[in-house]
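**Student:** Just remember that the working numbering sits 11 ahead of the position in the sequence shown, which is counted from 1.
Check the hints yourself; a few may be wrong.
Unchecked claim - Computed list of lysine to aspartate or glutamate pairs in EDC-like fashion (alpha-carbon distance at most 20 angstroms, straight line):
#1 K228 to D188
#2 K193 to D230
#3 K271 to E259
#4 K193 to D166
#5 K228 to D191
#6 K209 to D242
Said to hold, decoys possible - Label pairs and their computed distance ranges (CB to CB):
#7 D207 to V358: 53 to 63 angstroms
#8 A78 to Q139: 19 to 29 angstroms
#9 G369 to L32: 14 to 24 angstroms
#10 A78 to E201: 36 to 46 angstroms
#11 L28 to F185: 52 to 62 angstroms
#12 D207 to A78: 39 to 49 angstroms
#13 R90 to F62: 14 to 24 angstroms
#14 G159 to R90: 57 to 67 angstroms
#15 L44 to R160: 18 to 28 angstroms
#16 A102 to F62: 50 to 60 angstroms
#17 F236 to T41: 47 to 57 angstroms
#18 F161 to A78: 43 to 53 angstroms
#19 Y353 to L32: 29 to 39 angstroms
#20 R90 to F351: 32 to 42 angstroms
By construction, these hints were calculated from the structure, which means they are not laboratory data.
For clarity, every value in this text was computed on a predicted model and none was experimentally measured.
Don't be surprised by glycine CBs; every beta carbon is placed ideally from N, CA and C.
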Amino acid sequence: MNRLDRYVFRSAASAFLGTLLVLTLMIWITQALRELDIMTTQGQTILAFVFITSLALPALILGLAPAALFMAVAYTLFRMNSDSEIVVSSAAGISTWRFLRPLVILALIVAACCSVLSLELVPAAMRQFRYEISRVRADVVAFIAQPGRFTTLADGMVFHVRERNANGVLGGIFINDARDPKQTNTYLAERGQVVDNKDGTFLILEEGAIHRRTPGKPDSNVVEFQRYAFDLSPFTSNGENAVYRAPERSFRELLNPDPKDYVYILESGRFTEELHRRLSLPLYVLAFFGIACAALAEPRTTREGRGLALAATTPFVIVLQVTSFGLINQIRGNPSVIPFVYLVPAVFIVGSALSLSGRFKPRMPEALRRQIDQIAQRVVRATVN
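All chains should be modelled from the sequences, with the hints used to inform the complete structure.
**Tutor:** Now the structure itself:
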């Protein structure tokens with residue numbers, strides 16, 4: 012790259028990274044707030060909360076990268092046209108294609124990164140997120156051992172612990188088990204401790220009593236005990252045997268699924284849809300890039316309407332986005348649309364190249380152009396007045 016290439020690449024890359032960072036952080040914060048129960052009810056640390064919620068970042072980056080690239084390229088070209096930098100470059104003998112070379116390199120880098128994210132990193136992060144959430148929710152010690160708080164472990168089951176010692180011994184245990192509508196059991200114990208063994212996870216209660224009550228009867232039965240093992244195994248699923256959906260599968264599993272996999276048997280169309288969604292993503296990245304270049308890459312003087320050219324990209328962006336969603340969602344029930352998933356972005360890429368070469372110029376309908384001009388003139392007169 013020469014000095015001009017480095018300047019254009021640096022301008023677009025910094026705009027892309029800044030846009031992507033701002034959009035990702037905004038959406039990540041809203042998503043992270045939905046997982047606040049990891050700290051508030053699950054007894055996890057702030058570091059665990061940040062780690063678990065950050066596993067959603069690869070998927071957010073993947074979803075926002077095409078839009079961020081479009082905005083960054085449009086901003087860079089719009090600014091360079093406003094500063095007459097493109098006009099000066101054209102007057103110096105630099106063609107439009109030559110001027111766009113660093114931007115094309117940036118677009119190819121973004122498309123390659125999106126491919127890596129979609130094929131492996133995002134599914135791996137989603138699988139890890141599922142595992143971490145299952146592990147946290149299976150940590151019954153951290154879940155129930157919150158002194159002074161009544162904690163619902165399951166429907167009809169409430170735990171209360173008065174204190175928790177440094178060695179893990181729980182004091183002042185109250186358990187109300189109303190899962191069985193025919194009988195309610197209330198466990199009271201002076202102390203207890205969670206024990207894991209080959210038979211499962213148990214809360215060993217010491218020096219306590221069980222109050223058994225039957226709905227409709229005024230009396231209750233009281234059974235005192237010295238030691239009692241309360242089974243916590245039904246609440247400790249650690250996610251190791253989790254069943255992963257198609258978006259959480261690796262690219263190899265989507266390409267060569269196990270015919271005996273019952274998830275694939277039930278949702279074979281979903282596997283095909285996810286496979287082609289990942290494979291076609293780089294083409295859509297390049298298509299969005301092409302639209303921005305076709306609208307703003309040509310040299311324009313300060314008298315020409317750059318804003319109108321930027322606004323003209325809106326219908327193309329909307330059509331491309333809506334068409335891509337529609338076609339990919341149709342794959343599940345209609346595999347015959349698979350070629351169109353790749354054909355549509357290819358048409359936009361070729362159309363953008365033809366527009367830049369001067370062989371094809373999409374133009375706004377004359378009536379619509381006049382109406383927009385009239386609105387712009389009214390805005391200018393109102394501003395001046």
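**Student:** Each hint needs a verdict: does it hold in this structure or not?
**Tutor:** Against the structure, the hints come out as follows:
As the CA atoms of K228 and D188 are separated by approximately 17 angstroms, the hinted pair is consistent with the 20 angstroms bound. For the hint pairing K193 with D230, the CA-to-CA distance comes to about 14 angstroms; that is within 20 angstroms, so the pair holds. For the hint pairing K271 with E259, the CA-to-CA distance comes to about 18 angstroms; that is within 20 angstroms, so the pair holds. With a C-alpha separation of about 15 angstroms, the suggested pairing of K193 with D166 holds against the 20 angstroms cut-off.
Taking the CA atoms of K228 and D191, the gap is near 15 angstroms; set against the 20 angstroms cutoff, the hint holds. Taking the CA atoms of K209 and D242, the gap is about 13 angstroms. The hint holds against a cut of 20 angstroms. Take D207 and V358: their Cβ atoms lie about 60 angstroms apart, and the range 53 to 63 angstroms holds. A beta carbon spacing of about 26 angstroms between A78 and Q139 agrees with the range 19 to 29 angstroms that was offered as a hint.
Separated by about 37 angstroms at the C-beta atoms, G369 and L32 break the suggested range of 14 to 24 angstroms. Taken as a hint, the range 36 to 46 angstroms is violated for the pair A78 and E201, whose Cβ atoms sit roughly 60 angstroms apart. In this structure the hint that L28 and F185 lie 52 to 62 angstroms apart at CB holds, the actual value being about 53 angstroms. About 48 angstroms separates the C-beta atoms of D207 and A78, a value consistent with the hinted range of 39 to 49 angstroms.
A hinted range of 14 to 24 angstroms for the beta carbons of R90 and F62 is inconsistent with their spacing of about 38 angstroms. For G159 and R90, the hinted distance range of 57 to 67 angstroms is satisfied, since their beta carbons lie about 58 angstroms from each other. Checked against the given bound of 18 to 28 angstroms, the beta carbons of L44 and R160, roughly 21 angstroms apart, stay inside it. Here the CB-CB span from A102 to F62 is close to 54 angstroms, well matched to the stated 50 to 60 angstroms.
The beta-carbon spacing between F236 and T41, approximately 49 angstroms, falls within the hinted interval of 47 to 57 angstroms. Checking the proposed 43 to 53 angstroms range against F161 and A78 shows it holds: the Cβ atoms sit about 45 angstroms from each other. Taking the beta carbon of each, Y353 and L32 are about 30 angstroms apart, inside 29 to 39 angstroms as hinted. In this structure the hint that R90 and F351 lie 32 to 42 angstroms apart at CB holds, the actual value being about 36 angstroms.
Hints 9, 10, 13 from the list above are not met by this structure, while the remaining hints are.
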